[in-house]
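Numbering-wise (the working numbering), the sequence shown opens with residue 112 and increments by one.
By construction, these hints were calculated from the structure, which means they are not laboratory data. Check each hint, because a few of them may be wrong.
To be verified - Simulated pairs of lysine to aspartate or glutamate, DMTMM-like, Cα-Cα distance not exceeding 25 Å: (1) Lys182 - Asp216; (2) Lys210 - Glu229; (3) Lys206 - Glu233; (4) Lys210 - Asp221; (5) Lys164 - Asp219; (6) Lys206 - Asp216; (7) Lys199 - Asp221; (8) Lys210 - Asp194; (9) Lys182 - Asp147; (10) Lys164 - Asp221; (11) Lys199 - Asp219; (12) Lys164 - Glu229; (13) Lys210 - Asp173.
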Amino acid sequence: MQPVPFIPWLWRDPSWAGEPEPDLTDRPDTGLIGYDVEATDGGIGKIHEDNAKVPHDCLMVDTGPWIFGNKVVLPVGTVRHVDHEERKVHVDRTKEQIKNAPPYDPHDHDGYRERSGEYYSESYRLMPPML
């Protein structure tokens with residue numbers, strides 16, 4: 112059996128969104144603003160209120176003091192599970208992998224997509240997604 116290829120820009124399991132509310136049809140991620148984000152080895156921050164400023168296939172995370180108050184942008188393909196009860200988004204990469212990812216450049220989205228896509232695709236080749 113061949114492993115499923117990682118596609119960084121697609122939700123791996125969109126079923127968490129359920130039936131989209133009318134105002135969230137185009138951006139279901141908007142409903143995640145304020146949710147905590149958990150890496151495999153601990154919390155990394157919260158979905159930032161400026162999430163709508165990044166493309167729909169990304170999540171902007173305010174890391175607070177973890178990375179000196181910076182924000183990171185994660186491809187939605189890194190999301191393993193969303194827990195609406197606990198208001199948490201679980202990603203299946205480690206804090207170190209996320210910290211070492213290419214920085215988001217709002218003036219060069221295409222370049223970011225290329226760099227980030229290569230980075231995360233390689234990380235999933237080395238450590239396949241958790242089910």
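Do the hints match the structure? See the list:
no.: 1; hint: Lys182 - Asp216; result: holds (11 Å)
no.: 2; hint: Lys210 - Glu229; result: holds (15 Å)
no.: 3; hint: Lys206 - Glu233; result: holds (16 Å)
no.: 4; hint: Lys210 - Asp221; result: holds (20 Å)
no.: 5; hint: Lys164 - Asp219; result: holds (13 Å)
no.: 6; hint: Lys206 - Asp216; result: holds (20 Å)
no.: 7; hint: Lys199 - Asp221; result: violated (28 Å)
no.: 8; hint: Lys210 - Asp194; result: holds (23 Å)
no.: 9; hint: Lys182 - Asp147; result: holds (13 Å)
no.: 10; hint: Lys164 - Asp221; result: holds (15 Å)
no.: 11; hint: Lys199 - Asp219; result: violated (29 Å)
no.: 12; hint: Lys164 - Glu229; result: holds (22 Å)
no.: 13; hint: Lys210 - Asp173; result: holds (12 Å)
In the structure shown, a violation is registered for the earlier hints numbered 7 and 11, in ascending order.
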